[in-house]
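Chains P and E, in that order, give the protein sequences. For the first sequence, our numbering begins at 11 and goes up steadily by one. For the second sequence, our numbering begins at 1315 and goes up steadily by one.
One or more hints might be untrue.
Unchecked claim - Not the full set, but computed from the structure, chain P residues with beta-carbon under 7 Å of chain E:
(1) F31
(2) V113
(3) M121
(4) A126
(5) P170
(6) W175
(7) A196
The hints are simulated quantities; they were obtained by calculation from the structure and are not laboratory data. Fair warning: this is a prediction, and the values are worked out from it, not measured in the lab. For each residue, glycine too, the CB sits at the ideal point set by N, CA and C.
If you want the building blocks of each chain, they are given just below.
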Amino acid sequence: MRNGPLVITFLVATSLVAMFFIPHHKVQEGQSVLLNWANVVYAFALILGSLTLWVSHQKKVLARAEGWPYSVVTLAALSFVTVAGTVQGVEEGTLVNRYYNMVNSPLASTMFALLAFFIASAAFRAFRARNAEATLLLGTAIVMMIGRVSVGEFLWSGFPPVTEWLLDVPNLAAKRAIALGIGLGAISTALKIILGIDRTYLGRS
Amino acid sequence: MSDALNTSWFDPARVNLLVGLAVFIAFLILNIKRAKGGSNMFIRPLAGLKAVDEAIGRATEMGRPVLYLPGLGDMSEAGTLASIAILGRVARRTAEMGCDLDVPGYDPVATTIMDGAARQAYTEAGRRDAYRPGTVHYVTTQQFAYVAAVSGFMLRERPAANIFMGSFYAESLFLAETGNLTGAIQIAGCDQVTQLPFFVCACDYTLLGEELFAAGAFLGQEPVQLATVAAQDWAKALAAAMVVVSLLASAMGHPELGLLLQTR
């Protein structure tokens, strides 16, 4: 019984790996079925997550904990979207769709826009000539920034080609080296889960 | 032949991937046997992971929580799986040191699993009663709504240590800079190559790429887990050697090896 989940993980995972190498149409249909089951599991987990969210914010409101008005807003938004979506659906023209386009999307875009200021503050802090490597980083950053704007080409026609070379040669080489390590690390992690070496996802050491 | 009528039982274009997978599994089995036979499995110390204890100790002394962010990936991503393994170790340390832990979840399935992992860690540390329900809590599956919620927590609760481990995307710099503003010690590990520079700039310690996947083994120091890291290193050495050989062969007019390494 304790090994049940491990056996299920092993069988399902090895089946999916095998399906990657078998192009037979029946096998590919089976793969689609398995992936659709994953969507069903996700939907139930979403319900569980939403209930947890509701309970935690409800507790804050009832206890008048710090920031409880924000919890009221959260509960109100959760209730509204759930009820309106269930009654009307989420297609074009429905309340949920209008809420998404008029509230959610602008808020997300606003947050995304703040990223520019964070990049500026991080660059101001990080690009300091403290040592040789930091000076190299600073110099490269200056060349990159100038080479990426129109005035760079105006100042010196060599800026854009140098910028492209920096991106296409040393930068790409480093990215690929790290990506190679990440790929192998991902395979190792997946094999640990499949073979039952790592069981933390089951709540066991 | 169209996919709908495909009746072949093996795709010959993917034989190189199958051979690669078989070699990796062979390395894994060999190193596990070495580990079980008592061989010393050494992993070079990673500054970021050695700093985890220091960060949790600092949080305990200051009476402030540790914030652990598992990333924005779901359970199909290796970064999230690695993050869950690391969370188990971190939760055990916070339980032993009597420090508060907060884990805002992005994916509901991953959040449920992380809750179980954290509870188990507290139980193994003998502090089951200290586990606060709501330690691991689901926030939202909207990227920037998640960022807003976590940033708000950072600015209100002022955690002493922020640990970012998993798959992060455009929000990485946002979270790291907000944490920087609060003066927290920050340790990050991400499997997205494009986000690593942001974490390097804004965090005190960063695990680069594959170090994220070795972190769970490093923190636990269990021989079998260390053996998987050794297998990973062997595979990387082999891959690097094949790249160099195929490069030289191509330069001398024999690109066949390079073509063999192409994937589909």
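Consistency of the hints with the structure:
1. F31: holds, 5 Å
2. V113: Violated - the Cβ of V113/P stays beyond 7 Å from chain E, reaching only about 11 Å at its closest.
3. M121: holds, 4 Å
4. A126: violated, 10 Å
5. P170: violated, 21 Å
6. W175: With a minimum Cβ separation of about 18 Å from chain E (threshold 7 Å), the hint on W175/P is violated.
7. A196: holds, 3 Å
Checked against the numbered hints given earlier, the structure breaks hints 2, 4, 5 and 6 and satisfies all the rest.
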